[in-house]
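Number of protein chains: 2
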Amino acid sequence: MIRMNSHYKKLKASYLFSDIAKRVSTFQENNPDTPIIRLGIGDVTHGLPEACIKALHDAVDEMAEDQSFKGYGPEQGYAFLREAIAKNDFQSRGCAIEADEVFVSDGAKCDTGNFQELFATDIRVAIPDPVYPVYLDTNIMAGRTGEFLDGRYQGIVYLDSTSENGFVPPVPEEAVDLIYLCYPNNPTGATASRAQLQEWVDYARKNKALILFDAAYEAFITDPEIPHSIYEIPGAREVAVEFRSFSKTAGFTGTRCAFTVVPKDCMIYDEKGEAHALHALWNRRHCTKFNGVAYPIQKAAAAVYSPEGQAQVKALITGYLENAAIIRSAMKELGFDCVGGDNSPYIWVNGKSDSWEFFDRLLKAGVVCTPGAGFGRCGEGFIRISAFNSKANVVEAMERIRKTLT
Amino acid sequence: MIRMNSHYKKLKASYLFSDIAKRVSTFQENNPDTPIIRLGIGDVTHGLPEACIKALHDAVDEMAEDQSFKGYGPEQGYAFLREAIAKNDFQSRGCAIEADEVFVSDGAKCDTGNFQELFATDIRVAIPDPVYPVYLDTNIMAGRTGEFLDGRYQGIVYLDSTSENGFVPPVPEEAVDLIYLCYPNNPTGATASRAQLQEWVDYARKNKALILFDAAYEAFITDPEIPHSIYEIPGAREVAVEFRSFSKTAGFTGTRCAFTVVPKDCMIYDEKGEAHALHALWNRRHCTKFNGVAYPIQKAAAAVYSPEGQAQVKALITGYLENAAIIRSAMKELGFDCVGGDNSPYIWVNGKSDSWEFFDRLLKAGVVCTPGAGFGRCGEGFIRISAFNSKANVVEAMERIRKTLT
Numbered sequence: 001m002i003r004m005n006s007h008y009k010k011l012k013a014s015y016l017f018s019d020i021a022k023r024v025s026t027f028q029e030n031n032p033d034t035p036i037i038r039l040g041i042g043d044v045t046h047g048l049p050e051a052c053i054k055a056l057h058d059a060v061d062e063m064a065e066d067q068s069f070k071g072y073g074p075e076q077g078y079a080f081l082r083e084a085i086a087k088n089d090f091q092s093r094g095c096a097i098e099a100d101e102v103f104v105s106d107g108a109k110c111d112t113g114n115f116q117e118l119f120a121t122d123i124r125v126a127i128p129d130p131v132y133p134v135y136l137d138t139n140i141m142a143g144r145t146g147e148f149l150d151g152r153y154q155g156i157v158y159l160d161s162t163s164e165n166g167f168v169p170p171v172p173e174e175a176v177d178l179i180y181l182c183y184p185n186n187p188t189g190a191t192a193s194r195a196q197l198q199e200w201v202d203y204a205r206k207n208k209a210l211i212l213f214d215a216a217y218e219a220f221i222t223d224p225e226i227p228h229s230i231y232e233i234p235g236a237r238e239v240a241v242e243f244r245s246f247s248k249t250a251g252f253t254g255t256r257c258a259f260t261v262v263p264k265d266c267m268i269y270d271e272k273g274e275a276h277a278l279h280a281l282w283n284r285r286h287c288t289k290f291n292g293v294a295y296p297i298q299k300a301a302a303a304v305y306s307p308e309g310q311a312q313v314k315a316l317i318t319g320y321l322e323n324a325a326i327i328r329s330a331m332k333e334l335g336f337d338c339v340g341g342d343n344s345p346y347i348w349v350n351g352k353s354d355s356w357e358f359f360d361r362l363l364k365a366g367v368v369c370t371p372g373a374g375f376g377r378c379g380e381g382f383i384r385i386s387a388f389n390s391k392a393n394v395v396e397a398m399e400r401i402r403k404t405l406t
Numbered sequence: 407m408i409r410m411n412s413h414y415k416k417l418k419a420s421y422l423f424s425d426i427a428k429r430v431s432t433f434q435e436n437n438p439d440t441p442i443i444r445l446g447i448g449d450v451t452h453g454l455p456e457a458c459i460k461a462l463h464d465a466v467d468e469m470a471e472d473q474s475f476k477g478y479g480p481e482q483g484y485a486f487l488r489e490a491i492a493k494n495d496f497q498s499r500g501c502a503i504e505a506d507e508v509f510v511s512d513g514a515k516c517d518t519g520n521f522q523e524l525f526a527t528d529i530r531v532a533i534p535d536p537v538y539p540v541y542l543d544t545n546i547m548a549g550r551t552g553e554f555l556d557g558r559y560q561g562i563v564y565l566d567s568t569s570e571n572g573f574v575p576p577v578p579e580e581a582v583d584l585i586y587l588c589y590p591n592n593p594t595g596a597t598a599s600r601a602q603l604q605e606w607v608d609y610a611r612k613n614k615a616l617i618l619f620d621a622a623y624e625a626f627i628t629d630p631e632i633p634h635s636i637y638e639i640p641g642a643r644e645v646a647v648e649f650r651s652f653s654k655t656a657g658f659t660g661t662r663c664a665f666t667v668v669p670k671d672c673m674i675y676d677e678k679g680e681a682h683a684l685h686a687l688w689n690r691r692h693c694t695k696f697n698g699v700a701y702p703i704q705k706a707a708a709a710v711y712s713p714e715g716q717a718q719v720k721a722l723i724t725g726y727l728e729n730a731a732i733i734r735s736a737m738k739e740l741g742f743d744c745v746g747g748d749n750s751p752y753i754w755v756n757g758k759s760d761s762w763e764f765f766d767r768l769l770k771a772g773v774v775c776t777p778g779a780g781f782g783r784c785g786e787g788f789i790r791i792s793a794f795n796s797k798a799n800v801v802e803a804m805e806r807i808r809k810t811l812t
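From first to last, the protein sequence lines stand for chains A and B.
Sequential numbering from 1 applies to the first sequence in my numbering.
Sequential numbering from 407 applies to the second sequence in my numbering.
Certain hints may be false.
In silico lysine to any residue, SDA-like type, Cα no more than 25 Å apart, as pairs [unchecked claim]:
{"id": "1", "chain 1": "A", "residue 1": "Lys12", "chain 2": "B", "residue 2": "Arg690"}
{"id": "2", "chain 1": "B", "residue 1": "Lys415", "chain 2": "A", "residue 2": "Tyr269"}
{"id": "3", "chain 1": "A", "residue 1": "Lys54", "chain 2": "B", "residue 2": "His452"}
{"id": "4", "chain 1": "A", "residue 1": "Lys9", "chain 2": "B", "residue 2": "Asp472"}
{"id": "5", "chain 1": "B", "residue 1": "Lys460", "chain 2": "A", "residue 2": "Ile53"}
{"id": "6", "chain 1": "A", "residue 1": "Lys12", "chain 2": "B", "residue 2": "Gly679"}
{"id": "7", "chain 1": "A", "residue 1": "Lys391", "chain 2": "B", "residue 2": "Asp472"}
{"id": "8", "chain 1": "B", "residue 1": "Lys720", "chain 2": "A", "residue 2": "Glu62"}
{"id": "9", "chain 1": "A", "residue 1": "Lys264", "chain 2": "B", "residue 2": "Phe423"}
{"id": "10", "chain 1": "A", "residue 1": "Lys10", "chain 2": "B", "residue 2": "Asn689"}
{"id": "11", "chain 1": "B", "residue 1": "Lys809", "chain 2": "B", "residue 2": "Asn689"}
{"id": "12", "chain 1": "B", "residue 1": "Lys460", "chain 2": "A", "residue 2": "Lys9"}
{"id": "13", "chain 1": "A", "residue 1": "Lys10", "chain 2": "B", "residue 2": "Gly741"}
{"id": "14", "chain 1": "A", "residue 1": "Lys264", "chain 2": "B", "residue 2": "Lys416"}
Covered by chain B, according to a simulated footprint, are these stretches of chain A (three or more residues, beta-carbon under 8 Å) [what the hints assert, rightly or not]:
{"id": "15", "segment": "52-59"}
{"id": "16", "segment": "197-211"}
{"id": "17", "segment": "221-233"}
Each pair of labels, with its calculated beta carbon distance range [as the list claims (entries may be wrong)]:
{"id": "18", "chain 1": "A", "residue 1": "Glu174", "chain 2": "B", "residue 2": "Ser420", "range": "38 to 44 Å"}
{"id": "19", "chain 1": "B", "residue 1": "Glu644", "chain 2": "A", "residue 2": "Arg402", "range": "57 to 63 Å"}
{"id": "20", "chain 1": "A", "residue 1": "Arg377", "chain 2": "B", "residue 2": "Asn494", "range": "43 to 49 Å"}
{"id": "21", "chain 1": "B", "residue 1": "Thr724", "chain 2": "A", "residue 2": "Thr318", "range": "48 to 54 Å"}
{"id": "22", "chain 1": "A", "residue 1": "Gly335", "chain 2": "B", "residue 2": "Glu504", "range": "47 to 53 Å"}
{"id": "23", "chain 1": "A", "residue 1": "Gly273", "chain 2": "B", "residue 2": "Glu580", "range": "36 to 42 Å"}
Think of the hints as simulated: they come from the structure by calculation, not from any bench.
Even glycine gets a Cβ: it sits at the ideal position worked out from N, Cα and C.
With the hints as extra help, turn the sequences into a complete structure.
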């Protein structure tokens with residue numbers, strides 16, 4: 001009899017976005033003349049940079065002719081892209097990352113979800129709260145948690161991100177083996193300072209732990225004091241894997257390209273305590289279960305690093321950050337405590353009330369946000385507002401919120 | 407301490423293609439004037455169909471403008487593609503497959519590799535020999551095998567595909583829970599008849615087992631008696647998942663699009679013997695760890711089903727099948743028993759000698775094939791020749807082999 005992975009039974013159905021969709025559709029039926037402004041889901045809204053469009057067209061033309069056609073490429077990505085990433089995203093910031101430590105993939109969701117396969121099932125995992133749900137769900141599927149009790153999974157060390165700690169949790173007092181961190185954070189928009197990240201790296205080195213560092217929103221950092229990469233922190237090459245994506249940087253949410261950096265200095269241990277190179281393990285996993293990213297898409301990603309690409313991406317990001325500033329200052333003016341929005345496209349607003357209740361108040365004004373409770377227990381009382389929309393829509397949304405709340 | 411998934415230590419390093427590469431490069435150094443003809447790796451060589459190129463360009467233009475830009479799409483694939491697949495690949499052959507049973511992905515390698523995550527680790531798995539290595543490797547990683555002893559993994563039920571059984575193994579006498587089948591087969595090129603597949607479906611229904619049916623080479627079937635889909639077999643909707651790919655059909659090896667069919671009738675059982683819908687489980691996995699295929703690529707895949715696309719794909723396949731016929735008849739003329747090459751791009755040649763020795767004899771003539779032993783113990787003595795090349799190269803390769811072997 002074909003038996004299931006019973007850990008799947010522990011998963012909570014995620015009703016967050018379907019609940020939102022239902023409430024929005026009910027509102028629209030009752031208010032057909034108020035067009036909704038969506039500042040909920042973290043999806044970009046502007047067209048791809050011109051440099052990427054040109055690269056895509058050129059690569060598609062190459063695919064049309066036998067002479068220039070590309071079949072299977074290297075599973076890890078083409079050298080032209082891996083080299084551009086290593087040089088521009090890391091070496092230019094003084095991070096000693098080599099091209100062959102970069103693994104190109106079709107998404108940070110896949111990579112952050114798949115990476116846990118390399119680990120034993122009985123390690124201790126620390127996961128922030130609130131958090132992007134993929135870290136937790138994939139560890140539940142793998143059997144690294146117990147049951148769901150009192151709103152939390154047994155066996156997980158939750159890292160509470162609260163107003164009190166500035167939404168950057170301190171290292172735990174106990175020893176954990178695997179730590180998920182995400183800065184600039186989704187959903188809070190908070191960033192971690194050099195000193196805070198150094199504490200985490202030191203903790204990981206001391207405990208022979210590994211940090212999975214999700215830097216998908218790195219491009220939104222404007223403050224020169226905030227590190228863009230965990231590899232700006234001394235010692236990180238030994239204890240940290242970094243996930244990056246072109247989704248939010250260059251608007252690739254519907255184009256699909258990302259990458260993961262696995263330094264050759266990272267070690268992982270077998271049951272006898274013998275060290276193995278994490279890089280070799282991930283390479284084996286990647287080559288066995290993945291067949292590379294489409295050639296035209298890799299060419300488009302590489303175009304992000306051209307001078308035109310860099311200028312166009314900067315313009316996109318600047319536009320979204322201007323929206324974020326508008327949202328942040330409007331919400332502050334209305335008396336709400338906010339974090340994020342300065343080095344992040346997300347603004348995490350303390351609504352001083354039930355998340356869903358606050359969501360409903362904004363919806364009445366025709367504005368969709370995301371209730372913080374959907375991201376974890378510590379998200380209760382908050383909402384996430386996303387800057388991914390046109391400036392006109394954002395200005396109009398803030399005007400609507402102002403009217404409804406004052 | 408971060409501990410590894412120790413099952414990775416059981417994996418054998420795959421030296422097959424790197425060994426081939428080394429021998430080829432040594433030959434080239436010694437014979438700089440003999441250009442190598444590659445009939446080894448199963449990668450297509452012709453440009454993408456014109457209909458796909460046009461669809462790609464059009465979709466890229468859509469991605470350039472805010473108004474037509476596409477961000478995150480449905481993880482399972484756009485309805486336009488799922489509907490085209492259900493209608494053209496299944497309903498047109500009398501298979502009752504609905505669009506929402508089709509999950510679009512970036513490759514059959516990913517899907518065939520990832521699907522085993524849904525199962526308990528202590529189920530009994532049957533895997534053919536010789537075989538595409540992904541089925542076995544991903545089950546090793548998940549801990550469903552013991553150690554490697556006498557050339558085989560403990561705990562796996564190997565399905566020997568030999569000349570004696572026409573390279574279609576009979577159902578095992580014992581009960582197994584999960585069965586991998588691949589027809590037209592990689593590497594042998596053999597096909598399974600309706601009666602043979604019916605036996606497998608009946609076996610699976612009797613044992614509450616599940617068949618993972620890899621039909622990546624379906625497009626090469628010319629014989630009207632051979633089923634294209636497992637769903638042409640009565641009862642298969644209850645016990646079979648089917649993997650398909652645009653890689654070999656439309657030359658998408660470097661473009662990346664595939665799909666998996668999970669009928670809603672397929673059940674899987676928990677430890678109490680309670681039935682759960684496999685469709686819901688795969689949907690949860692797919693949405694948690696995957697973020698959909700790039701919009702332009704899905705448009706290109708959908709173009710395969712347009713009248714022009716169908717004609718262009720047929721021309722590509724016919725060309726490769728003409729090559730296959732040339733190879734098959736040349737090898738038969740030289741006195742070798744062959745299978746495949748009629749409904750498959752692969753010809754499996756009984757070299758009547760050590761696989762690598764035969765490989766070396768062909769390499770001396772400047773032709774690269776794949777030694778059968780690389781696909782499993784039953785592949786010893788065989789080589790796989792691929793029809794993926796230009797007709798001129800295939801004719802020249804056969805001429806060289808003829809000269810060297812006679």
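To see whether the hints hold, each was checked on the structure:
In summary, the hint linking Lys12 (chain A) to Arg690 (chain B) is supported, as the alpha carbons are separated by about 11 Å, within the 25 Å threshold. At roughly 11 Å between alpha-carbon atoms, Lys415 (chain B) and Tyr269 (chain A) fall within 25 Å of each other, so this suggested pair holds. Distance check on the hinted pair: Lys54 (chain A) and His452 (chain B) sit about 23 Å apart at the alpha-carbon level, within 25 Å; holds. A distance of roughly 41 Å separates the Cα atoms of Lys9 (chain A) and Asp472 (chain B); the hinted pair therefore is violated under the 25 Å criterion.
At most 25 Å may separate the alpha-carbon atoms for a hinted pair to count; Lys460 (chain B) and Ile53 (chain A) meet this at roughly 15 Å. Using a Cα cut-off of 25 Å, the hinted pair Lys12 (chain A) and Gly679 (chain B) holds, with the two alpha carbons roughly 21 Å apart. About 13 Å separates the Cα atoms of Lys391 (chain A) and Asp472 (chain B), which keeps this hinted pair within 25 Å; it holds. Of the pairs offered as hints, the one joining Lys720 (chain B) and Glu62 (chain A) holds, with about 21 Å between alpha carbons and a cut-off of 25 Å not exceeded.
Pair hint Lys264 (chain A) plus Phe423 (chain B) holds up; C-alpha atoms about 24 Å apart against a cutoff of 25 Å. For the given pair, Lys10 (chain A) sits about 16 Å from Asn689 (chain B) by alpha-carbon distance, which is consistent with the 25 Å threshold. Of the pairs offered as hints, the one joining Lys809 (chain B) and Asn689 (chain B) is violated, with about 54 Å between alpha carbons and a cut-off of 25 Å exceeded. Of the supplied pair hints, the one linking Lys460 (chain B) and Lys9 (chain A) is violated, its CA atoms being roughly 45 Å apart against a limit of 25 Å.
Proposed proximity of Lys10 (chain A) and Gly741 (chain B) is contradicted: the alpha carbons are some 60 Å apart, above 25 Å. The hinted pair formed by Lys264 (chain A) and Lys416 (chain B) meets the criterion: a straight-line CA distance of about 22 Å does not exceed 25 Å. For the segment 52-59 of chain A, the assignment as covered by chain B holds, since 3 residues bring a beta-carbon within under 8 Å of that chain's beta-carbons and 3 suffice. Chain B is given as covering the segment 197-211 of chain A, and this holds because 4 residues of the stretch bring a CB closer than 8 Å to a CB of that chain, at least three being needed.
Check on the segment 221-233 of chain A: 0 of its residues sit with their Cβ under 8 Å from a Cβ of chain B, so the three-residue criterion for coverage is violated. Between Glu174 (chain A) and Ser420 (chain B) the beta carbon distance is about 40 Å. The supplied range of 38 to 44 Å therefore holds. The hinted window of 57 to 63 Å between Glu644 (chain B) and Arg402 (chain A) holds, with their beta carbons roughly 58 Å apart. The hint said 43 to 49 Å for the Cβ distance between Arg377 (chain A) and Asn494 (chain B), and at roughly 48 Å that hint holds.
At about 53 Å, the CB distance of Thr724 (chain B) to Thr318 (chain A) agrees with the hint of 48 to 54 Å. Distance hint for Gly335 (chain A) and Glu504 (chain B): a CB-CB separation of about 52 Å, consistent with the stated range 47 to 53 Å. A hinted range of 36 to 42 Å holds for the C-beta pair Gly273 (chain A) and Glu580 (chain B), which are about 39 Å apart.
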